[in-house]
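Number of protein chains: 2
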Amino acid sequence: MIGRLNHVAIAVPDLDAAAALYRDTLGAKVGPPQDEPDHGVTVIFITLPNTKIELLYPLGDNSPIGSFLEKNPAGGIHHICYEVENILEARDKLKADGARVLGTGEPKIGAHGKPVLFLHPKDFSGTLVELEQV
Amino acid sequence: MIGRLNHVAIAVPDLDAAAALYRDTLGAKVGPPQDEPDHGVTVIFITLPNTKIELLYPLGDNSPIGSFLEKNPAGGIHHICYEVENILEARDKLKADGARVLGTGEPKIGAHGKPVLFLHPKDFSGTLVELEQV
Chain A
1 MIGRLNHVAI AVPDLDAAAA LYRDTLGAKV GPPQDEPDHG VTVIFITLPN TKIELLYPLG
61 DNSPIGSFLE KNPAGGIHHI CYEVENILEA RDKLKADGAR VLGTGEPKIG AHGKPVLFLH
121 PKDFSGTLVE LEQV
Chain B
1 MIGRLNHVAI AVPDLDAAAA LYRDTLGAKV GPPQDEPDHG VTVIFITLPN TKIELLYPLG
61 DNSPIGSFLE KNPAGGIHHI CYEVENILEA RDKLKADGAR VLGTGEPKIG AHGKPVLFLH
121 PKDFSGTLVE LEQV
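Residue numbers (the UniProt record's numbering), protein chains in the order written: chain A, 1 to 134; chain B, 1 to 134.
It should be emphasised that the hints constitute simulated quantities derived from the structure, not laboratory data. Everything hinted at is true.
In this list, chains with the same sequence are indistinguishable; a pair is considered to hold if it fits within one copy or across any two.
Using 30 Å as the maximum straight-line C-alpha spacing, the simulated BS3-like pairs for lysine-lysine come out as follows: (1) K29 - K122; (2) K108 - K71; (3) K29 - K95; (4) K52 - K95; (5) K122 - K52; (6) K93 - K29; (7) K93 - K52; (8) K71 - K122; (9) K114 - K95; (10) K29 - K71; (11) K29 - K114; (12) K52 - K114; (13) K29 - K52; (14) K108 - K93; (15) K122 - K93.
Just need the whole structure built from these sequences, with the hints factored in.
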């Protein structure tokens with residue numbers, strides 16, 4: 001069912017410092033900051049040859065990243081995103097197998113403009129998993 | 001400097017359950033368990049079209065995964081691994097930029113039989129980073 005690893009998302013307490021680290025010290029291709037007010041984050045995409053790293057920083061008062069950074073002040077890996085061909089089929093299969101889909105269970109439009117769902121970390125070895133339809 | 005994302009490593013409290021989840025529920029290509037006594041882990045590789053997921057489970061009394069699982073009983077993402085062409089050049093550049101290399105600073109032979117180094121999470125937004133020479 002799952003296809004490519006679309007991205008690894010890392011929540012960071014200092015977006016400029018993290019971008020500089022990936023650009024100057026690790027020598028990666030680092031994009032500009034993009035505000036995503038619908039998702040409560042400012043995002044920087046780092047393009048690797050085979051996948052992406054997303055740096056996430058809180059935007060606004062109700063950012064989903066805010067509480068994560070309170071618990072992990074140095075930052076940390078927030079989630080991983082797998083691609084699926086059909087997100088509704090994927091969701092129904094997951095629910096039939098007993099996995100919990102977060103929120104209403106209906107896909108939302110994610111930061112890439114594609115339908116996404118998030119799965120409960122407790123059902124996936126402590127890992128917050130995003131599914132994105134591509 | 002960094003190239004492909006070689007793998008994302010997830011520490012899991014139940015290797016069989018995590019393998020079944022990725023194979024049966026997520027429909028991924030899941031390999032057999034491999035004991036790596038030199039690294040204190042049993043590993044299962046999950047092959048995605050563009051990268052790998054490594055499931056890590058403690059092996060022996062001094063596993064580096066043991067304390068991680070004590071802190072994160074449900075499991076969690078343990079590290080991410082970037083490929084580099086020349087690990088000694090990468091190390092020297094990182095040290096010159098003030099990043100801390102774990103252990104002796106000399107590369108070890110990793111689970112894939114290639115030279116690896118680990119970088120201090122505090123210098124990389126709370127993320128344990130492995131570099132692997134390919």
